[in-house]
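Residue numbers (UniProt numbering), protein chains in the order written: chain U, 1 to 156; chain B, 1 to 314.
Where hints are given, some of them may not hold.
[To be verified] Going by beta-carbon spacing under 7 Å, a handful of chain B positions derived as facing chain U:
1) Phe2
2) Ala77
3) Gln78
4) Asp209
5) Ser212
6) Ala214
7) Met298
8) His302
9) Glu304
10) Gly309
11) Pro312
12) Ser313
Think of the hints as simulated: they come from the structure by calculation, not from any bench. Just so it is clear, CB atoms sit at the ideal spot from N, CA and C, and this is done for glycine as well.
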Amino acid sequence: MTTITLNVNKQTHTLEVLPWVSLLDALRDRLKLTGTKKGCDHGQCGACTVLCDGTRILSCLSLAVMKNGSEITTVEGIADGDALHPLQKAFIEHDAFQCGYCTPGQICSAIGMLAEGKARTRDEVKELMSGNLCRCGANTGIIDAIMEVKEGGGRE
Amino acid sequence: MFIAGGTNLVDLWKYNLLHPKLVVDINHLPEHRRITELEDGGLRLGALVSNADTAYHPLVESRYPLLSKAILAGASAQIRNMATNGGNLLQRTRCYYFYDADVPCNKRVPGSGCPAMDGYNRIHAILGASGECIAVFPSDMCVALAALEAVVNVSGKNGGRRIPFADFHRLPGDSPEIDNILQHGELITSIDLPEKGFAQNYSYLKLRDRHSYAFALVSVATALELEGDTIRDARIALGGVAHKPWRVREAEAVLVGKKADEAAFTAAAEVLLTGAVGLKYNAFKIELAKRAIVRNGMMALHPETQLPGAQPSA
């Protein structure tokens, strides 16, 4: 067991983990933050996307012990109290989900993508969001929602 | 065993393909976490710099745009944020039989057999394969590094050494379990790019079964030095076709002094694919590679038309 400290959604947690525990399992099973989803658990679907020190990463392929001291943001940490994050609002307005399983990863990934500032066009947004799969086929709504926030200069 | 980004190692571990006794996190080596200019005009890419930070680095974008494009054609944004330059060179094949611990595989268990030979071998090698293994090396970044003639800097207990990119990865032969010439205990510290970056005429084309976030069936990195419309120097490297990035100097020599047109690239493509062997499901890749070489040669004349994800353009 190794003792690590994670700052998750602006709260500091100290926990003991075995070295092979993924960040995803630490978040879900130890900190009970089940908003972050386990889809494929192999880095193929993007459902487990979280922000680590502001950068979007896959929590399923990250070892919790290697994130000791990091600041993690999950979908539970992006709203301001009861005020939804602009992307959360836009996802609702654009019907950007059906089952909702990929949504936390989509939204965290989109926050990371907008912060990276590399996507200029809709095609570039699609390319830079391709690591997040939606099996319901809500992709058009997802990209619409992201484009609205991107063009609207919403809070990132 | 060393771990940096972990994007491949952790995955192999979960698939029950890798059973490391000791894993050492090497992320806390700041000297390998930066990109620096070299005195000879080249650029040194630290092994621990992420693929994303490399692709978007201003000096890589301006002087080695071929490398930038190739990196951005690979994996997903999240994986590129995690994966490191050193790790990109060391990723394992995505052959589905290699990834299935319940079936034989000469790369995983030497001598156990190769179900891909008579199996579903759509993604497999058409060049440089052996009777033991037909797996392909999956990297996009390495295809550009091969074309740019990068050098891999390695550190080990007997000191350091510099490995020309063409020598780093190996063909399967009768020991497909060995992907490259790195010795036990050696660590990649950086990758050096020579001064010549072919920033004027270059293109990376990646053909795959899915529009984005899929490994290449065939990819091509093309770099040209032109004088008017005459080719002065040329590099072509192929991905997705062999156990290492595939480069044939004779094919590049065919282009030198020629007008940059479809006829010249067609002639070069024939030389590049010399000796190609198709199996039951992958024979289409021979013609696909030839056409991709011609298409990408023409795209390199107008690099500004390159689309996100290295899609066909122009």
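Each hint tested on the structure:
{"no.": "1", "hint": "Phe2", "result": "violated (12 Å)"}
{"no.": "2", "hint": "Ala77", "result": "holds (5 Å)"}
{"no.": "3", "hint": "Gln78", "result": "holds (5 Å)"}
{"no.": "4", "hint": "Asp209", "result": "violated (14 Å)"}
{"no.": "5", "hint": "Ser212", "result": "holds (4 Å)"}
{"no.": "6", "hint": "Ala214", "result": "violated (9 Å)"}
{"no.": "7", "hint": "Met298", "result": "violated (21 Å)"}
{"no.": "8", "hint": "His302", "result": "violated (18 Å)"}
{"no.": "9", "hint": "Glu304", "result": "violated (14 Å)"}
{"no.": "10", "hint": "Gly309", "result": "holds (5 Å)"}
{"no.": "11", "hint": "Pro312", "result": "violated (14 Å)"}
{"no.": "12", "hint": "Ser313", "result": "violated (12 Å)"}
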